[in-house]
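From first to last, the protein sequence lines are chains E and Y.
Counting from 1, one number per residue, gives the positions in the first sequence under the UniProt record's numbering.
Counting from 1, one number per residue, gives the positions in the second sequence under the UniProt record's numbering.
Among the hints, a few may not be true.
If chains are identical, the list can't say which one is meant, so a pair holds when it fits in one copy or spans any two.
20 angstroms max Cα-Cα, derived EDC-like pairs, lysine to aspartate or glutamate [stated by the list, open to error]:
no. : residue 1 : residue 2
1   : Lys79     : Asp114
2   : Lys151    : Asp188
3   : Lys125    : Glu296
4   : Lys85     : Glu96
Just so you know, these hints were derived from the structure itself, not from any lab.
Number of protein chains: 2
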Amino acid sequence: MNYYVCLHQEGISSISKLIQKAHANNYNVVATSINANMLPMDPFETDPTYPATVLNAVDWNSKVIFTVSDVDVDSPNAKLREYSKAMLLRDITWAEHLQNNGSLMVRLRGPKNDNLAEIIKTRTKGNWFIHVPITNPEVATFEHRKDATEKDIEEAQQVDPWSWWNELRFAVKHNGKVKVVLELSDSDRPSRETVRRWLGEPIEAIIIPSSLFVLNRSNYYVLHKEWQAIVGHFISVRANIIVSTNANDNAISQYAEYVKKLINDHCDTHTLNNYENMLEIPLQPLCDNLDTYTYEIFETDPVKYKLYQEAIQQVLQDRVSDDEAKRKLTVIMVLGGGRGPLARAVFNAAEITKRKVRVYIIEKNPSAIRTLSNMVKTLWSKKDVHIFSKDMRDFSPPELADVLVSELLGSFGDNELSPECLDGALKLLKSNGISIPCKSTSYINPLMSAVLHNNVCQLTSTVPAFNCGYVVLLKNIYHIDQPQALFEFTHPNRAKDIDNTRHKQLSFTAQKDCVLHGIGGYFDTVLYKNIILSINPLTHTQGMFSWFPMFFPTQPRTIKAGEKISIKFWRCVDPEKVWYEWQVCEPAECERHNVGGMGYNMRL
Amino acid sequence: MNYYVCLHQEGISSISKLIQKAHANNYNVVATSINANMLPMDPFETDPTYPATVLNAVDWNSKVIFTVSDVDVDSPNAKLREYSKAMLLRDITWAEHLQNNGSLMVRLRGPKNDNLAEIIKTRTKGNWFIHVPITNPEVATFEHRKDATEKDIEEAQQVDPWSWWNELRFAVKHNGKVKVVLELSDSDRPSRETVRRWLGEPIEAIIIPSSLFVLNRSNYYVLHKEWQAIVGHFISVRANIIVSTNANDNAISQYAEYVKKLINDHCDTHTLNNYENMLEIPLQPLCDNLDTYTYEIFETDPVKYKLYQEAIQQVLQDRVSDDEAKRKLTVIMVLGGGRGPLARAVFNAAEITKRKVRVYIIEKNPSAIRTLSNMVKTLWSKKDVHIFSKDMRDFSPPELADVLVSELLGSFGDNELSPECLDGALKLLKSNGISIPCKSTSYINPLMSAVLHNNVCQLTSTVPAFNCGYVVLLKNIYHIDQPQALFEFTHPNRAKDIDNTRHKQLSFTAQKDCVLHGIGGYFDTVLYKNIILSINPLTHTQGMFSWFPMFFPTQPRTIKAGEKISIKFWRCVDPEKVWYEWQVCEPAECERHNVGGMGYNMRL
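This is chain E alone, in the form it adopts within the complex (with noise of 0.2 angstroms):
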């Protein structure tokens, strides 16, 4: 991953000069005043403070982040304002002709950003980034000031920068180009909860300043435990670092290494990082024939099939004793065989088991039958398997089973129709026959991301994007509350009518003041006994990655410390196909979404 480390130092006499020392000391990045060397400066001086020329056009796009004057467009003193306006002004005139694609910085001081907003949304290049102190600085003026009461203090600790960001991202309607920079403090440490909720938003870089660091018993500049813990989780959510000190620190070069040995021991190297916060339209494998990619991803995978593996050998141990293992033959049905894997589990646990198996693989993509096939020739000529090119719905099978083996689980546990082709393929079973897996459960809770919310509203030209369901390996996001269960399959089922739609209401509580942008779905389901494959974030089962998490969008709504978020949830089924609707119903009622699954919906 490309991180970069930014030197913040203002007051410099050249921008130039600035770059070149940055980067003798391992910064790649220089942020500073758009104005160098010329502050306070008149808005309507046309006396150039530098030439465009300094740099060229490259420079300044990739290797600045620009500082606007430190003014405050807000200010209750009208005449304060209208000057303020106007330096901001011209500083953005600037910055536009500097840069075509660049980065232009800005301090929130306080609560009140409408006029901020409405300069905000008139620049249309390049992006904004918002200076944010991680916690109220007023906190920090307390350390020297003897007049403060204990009351002034705890006042003071109530005012929540985060709520100074979320007015403003809602005032410049969540505009993906504008993006937080928050600042640290070393006279005020958050909390884990504030610093977890700082993850849900487009955080572009965190700001440490250079107070924050220590010297340490060998003489580096190093961060106390607790600030290494919390730049390292804004490592993990890809966030950048600018080092903030003033332009006669010597020892900026030891910082950056120090960061850099930061990012290094906390960046998330998976080899999935493209995935990020990508929505994905779930796979529909019961309608649409998968392709090599896909089964190539799953096969990967270095803990499903083992788990698999274990469950059908204790199946194996279970319905045939030691005694019995010579001669007693085991039907197992593989049902969606792929291009092998779960056969090849099958295989494994029996010659670990020592028991006789008998293998039927049904698969209804024929192409992945000439794998299969050649399998047959090749690997298992001397197995007892048998292939069926076949909808596993539709098959006659020449004996009944003791075991069905599948895996057409999705995020959702149930969204790629387990329920529907499993109950299909209960005419395979012997009546003491058994399913793996043998139940599997969905999750929900209620999350904040500004960035997928951007995603969702980019998709929203060319489909409802909003009534859409999405499959999404979660990066920057904040869980507002814990995943609870939702609906719940049991396999085999041999209820006389079987209803395979759902409905359930489930409330949540919000720890903190934050934005709702949607709803994360997860699954765990039982293969075997106590052998469980779990995506949910409480019980997720390590090494695997097979499922990403799916992701319902909402609109966003802020909700207060301690409300109660009320989610309803449906499973709705007709001939055609399976669907989910979604609402949410506390503190406000707000629209269903998905209705008649209009924007998404499973094709039976």
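Mind docking chain Y on chain E? Use the hints.
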């Protein structure tokens, strides 16, 4: 630029071995039958030819071009036709399974391809490569046939495989995923015009049959000079190379080496290659302010300002004799000073000719003024130079100018509103004053370019794309006929009633059957006397890259050789804006584009 060199062999026994062999011999892609080693095969045969696991998914996508079964889905024989369709659909299913973004190649065998077109449209993943012979393959057979009469040969030579492709292209509705792979033939070298026309098509690659290679005196396989030139033309429009040979050919390594040398020799390595065929919205420097990035590109043109400087030198020498040089002052106004390149040309010219100049720089962009002011303070502190932050139309000069110097020219000469701006600046000029440039002329011609047409179509969801003019570095185009002069403007224009509207109809003739996709636009301008800047392809100033041509799209229309193409063009003016309208009115009257400036206009 990344070209691939592909080895095409049929009748091979193992795709993975073919890839190994290709790699070992310097090829990075292979082309071979999707049914490796199993032809002919029954369409309902379920037995596999090879499993999907022979290669991984990335290799299937990036290293293999599949050729489909050589069947005729448009055969007049109904049984054969149905059999062929089943075979082709089976191949497509298998290809879609193996490649999610790969390439499937199908050979055209004649003019009738309606069924093929329907089948092509059913495939949703990856590209189609349409394999077309560059000349009628029947001609080649006459070499071995004694019964062929002169008339037979002549008739066969009339058959034009381009028309097979052209009809297919219309039948698949100009789908951008359908591209041409063109096969050369050792028995029939195409004419220059045939080659040139193919350059306007979306050429993915050319196939060089091994029989085209000949041994030179040093015993190396090479191409004849004429074939080198033909292959070179295709390389210059980014066509990849497929070498087609049989499985026992021992010279494949030599072919690859030679082809790579050809690519090296003919590949166009200019630094602007990212802009090839890219449609850009023309700049509007009058109503928008240019940014650093744009100024920087213009300033790096190695030719333009040199010619300006020469023009100014001649003007200075013509207006001030050597005797007068020490005392006679020439007042020069630079209209639109940008970041100073024209002013620099003036100072250089004055120094070289030893003439006295006073320079007024008028510039309306306040950000450019910052840089200019700095230049005046530093570089030009001893010059007689004065900066005015003004629109030239509103500028009241302290004195009148001998010479106006400007570069308000767009790709079409007048499309950055030089007529309107220079008319407005007439009041700045002495009665005997002159303007550099003093004349500009626009040119148009009819173009075939399937690539540009597809790029226009991709914009239609967001803008009225067929009513816009674009600036584009033309690459994959065919000039249907040579450019002709359209509109002319002279400066200064001292006419009493200035009329900058224009209208003209021009007629062109197609030399070959082709498709009209739009109109190319160019200009030349006389700076002074015989010093000219031109982007007219017939007279293009060597090495100058400041202006790309324009492209005015029309709906695609097949034109027959010898047909007349008449184009009407208008320059319209109202108090707020200037715009062009264009219409093809022969061989058939087509729609008039951009009526009222609805899609594209220049704001005054």
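Hints and how they fare:
1. Lys79 - Asp114: within (17 angstroms within a copy, 74 angstroms between copies)
2. Lys151 - Asp188: So Lys151 and Asp188 pass the 20 angstroms test inside one copy only (17 angstroms; across, 96 angstroms).
3. Lys125 - Glu296: between (41 angstroms within a copy, 18 angstroms between copies)
4. Lys85 - Glu96: within (16 angstroms within a copy, 57 angstroms between copies)
The structure agrees with every numbered hint stated previously.
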